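Colleague: Sequence lines, in order, name chains A, B and C. Read left to right, the first sequence gives residues 7 to 669 (the numbering used here). Read left to right, the second sequence gives residues -4 to 143 (the numbering used here). Read left to right, the third sequence gives residues 6 to 132 (the numbering used here).
Just so you know, these hints were derived from the structure itself, not from any lab. In this text the structure is predicted, and so the values were computed from the model without any measurement. Worth double-checking, as some hints may not be accurate.
[Stated by the list, open to error] Here are the computed lysine-lysine pairs in the BS3-like style, where the Cα-Cα straight-line distance is at most 27 Å:
#, chain 1, residue 1, chain 2, residue 2
1, A, Lys238, A, Lys301
2, C, Lys30, A, Lys464
3, A, Lys464, C, Lys62
[To be verified] Cβ pair distances, simulated, as ranges:
#, chain 1, residue 1, chain 2, residue 2, range
4, C, Ala126, A, Gln481, 42 to 50 Å
5, A, Asn488, C, Gly19, 22 to 30 Å
6, B, Gln5, A, Lys28, 19 to 27 Å
7, A, Ser658, B, Leu138, 17 to 25 Å
8, B, Leu138, A, Met141, 20 to 28 Å
Cβ atoms here follow ideal geometry from the backbone N, Cα and C, with glycine treated the same way.
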Amino acid sequence: MQRIGVFVCHCGTNIAATVDVKAVAEALSHEPGVVVSQDYQYMCSESGQNLVKDAIKEHKLTGIVICSCSPRMHENTFRKAAAAAGLNPYLVEIANVREQCSWIHKDIATATDKAVILGKAAVAKVHLNAPLTSMESPVVKRALVIGGGIAGIQTALDIAEAGFDVDIVEKQPTIGGKMAQIDKTFPTLDCAACILTPKMVEAAQNEKIHIHSFSEVTDVKGFVGNFTVTIKKKARYVDETKCTGCGLCTEKCPMKKVPNEFNMGLDNRTAIYIPFAQAVPKVATIDPNYCLMMKTGKCGVCSKMCSVGAIDYKQQDQLIEEKYGAIVVATGFNPIKLDKFDEFAYSHSPDVVTSLELERLMNAAGPNGGTLLRPSDKKHPHTIVFVQCVGSRCDDEKGKPYCSKICCMYTAKHAMLIREKYPDTEVYVFYIDVRTPGKNFDEFYRRAVEQYNVHYIKGMVGKVTPKSDGQLDVQASDLLANEQLHINADMVVLAAAIEPDKTARPLATMLTTQMDTNDFFTEAHPKLRPVESATAGIFLSGACQGPKDIPETVAQASAAAAKAIGLLCKNSITCNPCVAQSDELMCNGCSSCEKVCPYGAITYTDKEFRMPDRTTAIRRVASVNPAVCQGCGACTVACPSGAMDLKGFSNSQIMAEVDAICK
Amino acid sequence: MQVNDNKDFQPTIVAFCCNWCSYAGADLSGTNRLNYPTNVKIIRVPCSCRVNPMFILRAFQRGADGVIICGCHPGDCHYTSGNYYARRRMTLLFSMLDYLGIERDRTRVEWVSAAEGQKFAKTMNEFTEAVRKLGPNRRLEDLRCRKQ
Amino acid sequence: MNKYLKEQVLRSSGANVLKCMRCGKCSATCPSYDEMEYHPHQFVYMVEKGDIETLMKSESIYKCLTCFACVDRCPRGVEPAKVVEAVRLAAERQQGGDRLVPTDIPELLDDELPQQAIVTAFRKYTK
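My request is simple: use the sequences and hints to build the entire structure.
Modeller: As structure tokens, then:
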């Protein structure tokens, strides 16, 4: 027989003003199983809790009901108090008579009636509560960072610094990401490579960091503290362990007409290549789409040149499986494709370039060795027009609805660098708004206007027309002067919107993390948990979560690392005990629950059962992994045989509440 | 449809609220002292997908006059996709209830976030009023369960 | 774009029009706004673009009261009134005679008019 205690809180006058607290305690004392029913001024206070603890011991209570504020407020307080008095914390139920009763109703009689009914429902439920114990699940002390840009590198370095092993998985042949392609950084104008490459080397030399370059994550299983990840190491046809990165093969390769991705296709590379001089790992990779040996079987120059015998034309993709306790996503961004923006003539004229292409055109390691020349005729441009918000803040399917955040600043940087290096060049920037929130950002932009005399014009470019003399006619509006302009430009630079990398969406599916409609990963809370995903053990770093500049990316990368370290420091983690449970005797093995589970927590196993006729039979039954289950209850409804139930919110408990309310 | 003229009729309304959004939204309408009728009694569930159609049938059997299910907005489910399951299940259940003669206005699914205390109170006011107009639920009520 | 005129206006005003961030506070504060065809912020922008001649032909240069409210309130210290004054000066210098004939002035005078305003008017309308 259950022995239940009811404790009704006055909450000062918060509850007592509209609910007759004593009448509630009196009414509930007649409920079946209730052996003690008391009221008190402040139940959550030290003395209030002691009252509960003493009653548990004195009356040997098997369950308690607290009629007080929302369980979201003090459920934990009373669970702890119960545990301290030797009662299982999950034998505590809260009747929410403050937020959902006294605060919303004015009439004392009806509010008291409602409070009694809420109390009765809680008593009815607590009758069916079962003692639950939290499971402990071990934590694998190793982290995985997906993406080797500045975000991934920073996260990996910070986690390694704390003494944990970290693996970086990067899909390109080298780590470095977008920052490696950037020429200078705002607002300090220091060279990106000069600050990035030492970090890349640091990551490569750190004993705790293992870089899987030219690799992809193909499968993720498991749960917080215990993920099993399959990584595909793509065949690069060069033995990583042997290659010294001398680069002789890249010099001798006869196939020299391959568009160079690192320079945005503005020049060519060889079929066997090292993306750039400071690549990490500095290992050659063969592009099988262009390699003559792989395509025709006739060449093998690189193999002959290689003194260490690292070339292996027969290399295969390799799958490796690793276990991790935490996963940090740092998949980054790309500029959008501009083929839908015909008005800017991007596909028609080589002199219309994106900002990232301009970075390469101006970079000392770029196609022109650092001299800014028009791509079409390699002449020095005298008039350059920048167009802001190309595809950003665009509500139709052509572009992105959000502000890409970094374009205002890098355009000011480009304009300034061009005016600094080539003072005879006129630079126009067409903008909708100039957005420069950030330390020293607005000062930077004002410098472009005031010191470098860059012409900022409010208005958009409507049309760019290549003319027969090689120049571009830029038709734009000057909204402040209320007139239409025509500018003869030598080059047009488009600040293309940025979007999450295409690999992010399939990855989110594998990780069971949430994404917004723009494919940016969704953080657990937009303000208070910005670097965690809603899925435990998955953290977010850098532009995969939203547009970010370098300082913000690095800050978030370190924050994600701190969260991951916090998890890895623990030997085990406590799991929520309110999870689904399958009654194996009732389960008919239909797989309905498995299909609806958003976490993949349900697996099917063949088990031996004794049948009524004393034979044994093998039956396929569901079993729930309590460490993976988050307790949503989707499976309990899907189960046609009623075998699946949710601990803490069982079918019988909820129906007891329904009955109590409807009585 | 019969319209109930009895102004004194006090319907019993069961609200199933998702712990992560609508239950918090209901708390918020309390914190903001936003009034809604005492007829509404809330049952906390971890997710709107935990609401078994059986619970709703049970409520009607036991004499409830209206049942409302509140979950997170589409796309915002704490468990990724639970509210979508709830939406599909309830669409089917409500059409079956319709077939049984339970008026559509007695059942409802509403998305209320943790920040929408105002919407919660407004929804409950509207829903209670709609159920009050319909009068007591007699179709599914099991007379053996009726209080004496 | 008249480079010579632009330089002249910038020199005589001493204002740095590049500092303008187009917030419009000068025009928002201007008591003569309704009288003017081109408003203070447009003066600054058009001078930056070198479109001085349009301004010189406009009556707006005589509508400015030189009250300096815009100078006082400009968050960037651009001094729009000085720009207007400089354009007016450029216009005065180009014209043959004074804008007002001295003999006409007594009729326009008002006993209530402050002394300072009369002095300003002489500066404004005569060479």
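Colleague: Evaluate each hint against the coordinates.
Modeller: Verification of the supplied hints:
1. A:Lys238 / A:Lys301: holds (23 Å)
2. C:Lys30 / A:Lys464: holds (17 Å)
3. A:Lys464 / C:Lys62: holds (25 Å)
4. C:Ala126 / A:Gln481: 42 to 50 Å: At roughly 45 Å between Cβ atoms, glutamine 481 of chain A and alanine 126 of chain C fall inside 42 to 50 Å, so the hint holds.
5. A:Asn488 / C:Gly19: 22 to 30 Å: holds (28 Å)
6. B:Gln5 / A:Lys28: 19 to 27 Å: holds (24 Å)
7. A:Ser658 / B:Leu138: 17 to 25 Å: holds (23 Å)
8. B:Leu138 / A:Met141: 20 to 28 Å: Taking Cβ atoms as reference, leucine 138 of chain B and methionine 141 of chain A lie about 46 Å apart, which means the hint is violated.
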